[in-house]
Structures are given as structure tokens and as C-alpha cells.
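Going by the numbering used here, the letters in the sequence shown line up with residues 50 to 172, in that order.
These are calculated hints, taken from the structure and not from any lab test. By construction, the Cβ of each residue, glycine as well, lies at the ideal position given by its N, Cα and C atoms. Watch out, some of these pointers could steer you wrong.
Here are the simulated distance ranges between beta carbons [what the hints assert, rightly or not]:
hint	residue 1	residue 2	range
1	I119	V148	14 to 24 Å
2	M135	R57	16 to 26 Å
3	P131	P72	13 to 23 Å
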Amino acid sequence: MVHVHDPRVRWGVPAAQVIRIIPAAEWQAAPAVDVLATLGPAPSGGGQRRVMIVNGAGDRETALLASGTIKVEDVDPTTILPLPDMLAESITEVSAIVVAHDASLSLLVNPSAVTSPDDSRAS
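Work the whole structure out from these sequences, hints included.
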């Protein structure tokens, strides 16, 4: 799993869905999606902002804004917990909660559920 240690909350995506990670300044296409936008604005700052391009809905590339350090870590499938129903219905981009080795939590983002600005024009 690729974990992003965003100052708002740690989140991650399955590593198999990550195509590439680049510095945010190099991303020239449509704005990257901030999957944590409902928690407040993305932190500004130097070299900790990247764009993670993932396989999104319909196997299209989706760009996710990654603010914070990035780590690739193995995750034991037994540490992936389902979201409570109320959260699962209101935050469709997040599919589960992952309990790390140190008992900290992170959100598991489902790239196929993330809508990008281009999705509204693709109809």
C-alpha cells in the first residue's frame, strides 16, 4: 500500500493501482483531486506536495493530490476494517480503515470511486 502522511489524516491506496508519483509542480493536466478536501484545504508547502496518478474509474488515469511524506508499506489484510455504514455512505471515496503496525489509523481510498474534474465533462 502507498501511504500518504497528510497533515490532516493519513490515507493510502493499494500500490497495484498507482501508476506513478511526480512532484506537484510537474503536473500540467487538470487539477489533481484532493481526496481529503472535506477536511479542509490541502496544506501548502514545498517539496511535500506530489501528484499520485492511479488507475481510476474505467481504468482511466486519475490524479490525486498527495500532501505529505509518502511511504510504501505492506499491509496485513486482517488490519483492514470496514467503515461504519454512515461514513461509507457519505464518503464514497474511502473504502476502509487500515490499522498500522503502531496501532495508528489511515483511510483506504478507492481510486475507482474518486471523481475528477474531467469526469463531469466526459458524459
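How the hints compare with the structure:
1. I119 - V148: 14 to 24 Å: Once the Cβ atoms are compared, 19 Å apart, the range 14 to 24 Å for V148 and I119 holds.
2. M135 - R57: 16 to 26 Å: holds, 20 Å
3. P131 - P72: 13 to 23 Å: About 34 Å separates the Cβ atoms of P131 and P72, which means 13 to 23 Å is violated.
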